[in-house]
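Chemist: Each chain is listed here by its residues.
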Amino acid sequence: MGIRLSELAERTGARLEGDGALEIRGPAPLETAGSDEISFLGDPRYAGLLASTAAGAVVIAHGVAVERTDLALLRADDPSALFTAVVAAFAGERARLAPGVHAGATVAPDAAVAEDARIGAGAVVESGARIGARAELWPGAYVGHGASIGADTVLQPGARVLEGVAVGERCLLHAGCVVGSEGFGFDPSPEGWKRIPQVGVVVVEDDVEIGANATVDRARFGATRIGRGSRLDNLVHVAHNVVVGEHCAFAAQAGVAGSTRLGDWVVLGGQAGIGGHVRLASGVRVGGQGGVYGSITEPGDYIDTPARPRREALRRMAAAGKAGELARRVKDLEARLAQLEARGEREIAQHEEER
Amino acid sequence: MGIRLSELAERTGARLEGDGALEIRGPAPLETAGSDEISFLGDPRYAGLLASTAAGAVVIAHGVAVERTDLALLRADDPSALFTAVVAAFAGERARLAPGVHAGATVAPDAAVAEDARIGAGAVVESGARIGARAELWPGAYVGHGASIGADTVLQPGARVLEGVAVGERCLLHAGCVVGSEGFGFDPSPEGWKRIPQVGVVVVEDDVEIGANATVDRARFGATRIGRGSRLDNLVHVAHNVVVGEHCAFAAQAGVAGSTRLGDWVVLGGQAGIGGHVRLASGVRVGGQGGVYGSITEPGDYIDTPARPRREALRRMAAAGKAGELARRVKDLEARLAQLEARGEREIAQHEEER
Amino acid sequence: MGIRLSELAERTGARLEGDGALEIRGPAPLETAGSDEISFLGDPRYAGLLASTAAGAVVIAHGVAVERTDLALLRADDPSALFTAVVAAFAGERARLAPGVHAGATVAPDAAVAEDARIGAGAVVESGARIGARAELWPGAYVGHGASIGADTVLQPGARVLEGVAVGERCLLHAGCVVGSEGFGFDPSPEGWKRIPQVGVVVVEDDVEIGANATVDRARFGATRIGRGSRLDNLVHVAHNVVVGEHCAFAAQAGVAGSTRLGDWVVLGGQAGIGGHVRLASGVRVGGQGGVYGSITEPGDYIDTPARPRREALRRMAAAGKAGELARRVKDLEARLAQLEARGEREIAQHEEER
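Protein chains in written order, with my numbering: chain A, 1 to 355; chain B, 356 to 710; chain C, 711 to 1065.
For the record, the hints were derived by calculation from the structure and aren't laboratory data. There may be inaccurate statements among the hints.
Taking lysine-lysine and the BS3-like style, the derived pairs with C-alpha atoms no more than 27 Å apart in a straight line are [what the hints assert, rightly or not]:
#, chain 1, residue 1, chain 2, residue 2
1, A, Lys322, B, Lys686
2, C, Lys1032, A, Lys322
3, C, Lys1041, A, Lys331
4, C, Lys904, B, Lys677
5, A, Lys331, B, Lys549
Remember, predicted model here, so these are calculated numbers, not experimental data.
Build the full structure now, drawing on both the sequences and the hints.
Modeler: Set out below in structure tokens:
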């Protein structure tokens, strides 16, 4: 049930080079693809794999030279977009939630649910909540009292939006995420930690994604905010009163502590940690496992803990790595200097003797 | 629908300075507050913001001088507590779970559920479990076989307490947390990892919080224990047989490996990691992303990986940061020393010639 | 309701030394055990605890000398296996899910569910899914459209297997884990991040465990793969298109970025992070909080960020720790050298004068 390469080229608008009669079964990475699979060269750094791949065809940019003549090619200006189209051609339709409200869902009588919203088994919509047009609440999803879900937003299985949280349109909340948990705020007292009430909410703007089992805390007061178009990966944590700008991207397991404010297009690598009460300018990118404990005012790449500009951090690491060699050189200097000093003493003594 | 500042002062017992007729709409941070909002100066380090804030009123401690005369003030000895009261004055009532057992909940016939406990849609209480007075199980919460939930304890949506786990009174288990998962214990064998049975439980003492999507593993035998008053933030992990003392506080994404024992008032920063089989004395505080792989017997602040006393770690970091400069100085020394040595050789030669 | 030590020895095949009439109430650690409890010495490093333990009996290897005569002993070649048997003797039976499909579960009419599978309250099995023989879906578990669960596999409460994911036999999916969330793949554009469709699946081979609230993303195309016998602890993240070999073990909060390929028996310590598009050879072990950003071709222990062979990393850390001392020695060398140089100048001047 494959697709002929010539048809694939036609469907995706690609330029075909090679055997159009080839029957392609599906996409695969260059390293593992077989002769009935199509692969993809996006990053020129991996061009070396072209020589060894067993793929029948490869998606590649115009102008990239390929020595092998047995390899069919689909070319386009943007090979990544082309490959996405190729992958889509082979992908089955994703399952959709059945229309309407499942008999096993629990929807409060005074919740405002759009007629064309879809609500699955075991989902719960509490009193005063609003569910927008074409929104989907998959099984086990939860929308708390007075919370609102914008049009075309999807809550995957077990995604939880707690009381009073406002989620925009076209958002994707992945399975098991929690939006609107209480902020972690306590005052110490001799009897123990006293909870500081967290009476704010979370505002999730349009086109945001929140990853599987990620957590976003409600504000102490006012709102924790996730800006339009931002993407949070799995197991990310965003604390109370954080303001995330537009089009930010946080890789898995990154965390942002309370009251921190990020500009737009801020990128956090996996497991990166941002301290509380700091500001990161638009365009700041923090590397994986990086730790930021002060504000950063200039865009660019920052790595290490505490995070520094990438170039400076690499220089610092390289220098620190030479500490062992340096110790040997200092030891050598000490020995040679001691020798010189000893000779100096002897010369002075001799000099005085000679006089 | 604001509150007049004079009324706010009266309700909270604050001393009013300035225009009591001001209508306040709600609380906001100093940096973003408008003229109909009230803000808060708690930390004197932020006093500079007083000059620029557009807030109509500010909560502040007695005795702190304020130059601006257009800024209304509410003063108290403890401005943090006062601001909490102010915030509460504006907060709507939080939603409560409806009384009784929801028709969509599943409660085993032999579970012992207090008459005034509240159990939401989709919550499950297994055989032999006990639910205390006024406890709340929000939708999707789960209480396993023989587990017990103390009086006034709240399980937020999807919080899960597995078989045999005992949770104390007045605890707050946030959405999606798991208490009582199997410990991660395996013996290697040529055929693979063999699971070591984990037949213990978890004991969660009174007044404990466990964050959203956090996980606490059951013991191999005996009990993993979370001491009275301790607070665990979101996505925290506590492994099997760990003993956490009283009033500890773990920030988000921190983790504690198996069989480690912590004293009281131990504080872990975000993403901190504590190795297995170690002990941390009461009053140890580990900074964000810190890594502790040996026992710590003295209270105080520890940072870095491997964690060291804060002052020592900062000194070490500063010294390591000078490795580049040191390398330049060593190179310079080598050149100068070589010159001296060469001169020494020449002098000896000349000396011998002169004789 | 204890067990006599002689009976315990008989049941477990251990060799008894000491008072077989002792009534044992249960197992406990050496440090906290009382006179009616049995403890365990597995690691000879803890042998010192034998002198001070208040345990009534101890499980120990043949041949390990014990000076105390008041301590009853159970001996075997493999004390860990013996202790597991002892623990099991005291453990009550774990609760089992009731047979059949609970009335509160939702199973699609066209799902293929084995007759002896067990499905709990609130669990959901979507259209086209297959549930194997003796498999257990605990309350709140979710199996998506077309997904398959192998024989004897257990989904604990709230474990979620999304559309099209294939889980093998005898797997254990812990509470709240998510298998098959969308991979985190976006292309930047002036209007924001554009989602790259993730049309692949996840293949979880036989005998795999996935920890509580852990997440495994589906592939962009093809499959993310977790190899036979591998064990993932709580809050672990595995990104799209990652291939995990057989018998790997990832401790809690570890994460692996996209398209990375791991061999067999790869061990990741807690909070370790592996970058994207790299390869780790079979037998690589990365320490807690370690960060790997390039491929590793040799088995062995790696620690630190960026990760290095353990021995090299320790040497490097030790050397870096001496940077402060080195700075003092360099300063001393500079002073002494300046003195020598000054004397050299004086001698030359004097020499010329003398001539």
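Chemist: Each of the hints needs a verdict: does it hold here or not?
Modeler: Here is what the structure says about each hint:
Taking the CA atoms of Lys322 of chain A and Lys686 of chain B, the gap is near 13 Å; set against the 27 Å cutoff, the hint holds. With a C-alpha separation of about 11 Å, the suggested pair Lys1032 of chain C and Lys322 of chain A falls inside the 27 Å cut-off, and the hint holds. Between Lys1041 of chain C and Lys331 of chain A the alpha-carbon distance is near 13 Å, which keeps this suggested pair within the 27 Å criterion. Between Lys904 of chain C and Lys677 of chain B the alpha-carbon distance is near 43 Å, which puts this suggested pair outside the 27 Å criterion.
Between Lys331 of chain A and Lys549 of chain B the CA atoms are separated by roughly 52 Å; this puts the pair beyond 27 Å, and the hint is violated.
Hints 4 and 5 from the earlier list are contradicted by this structure; the remaining hints agree with it.
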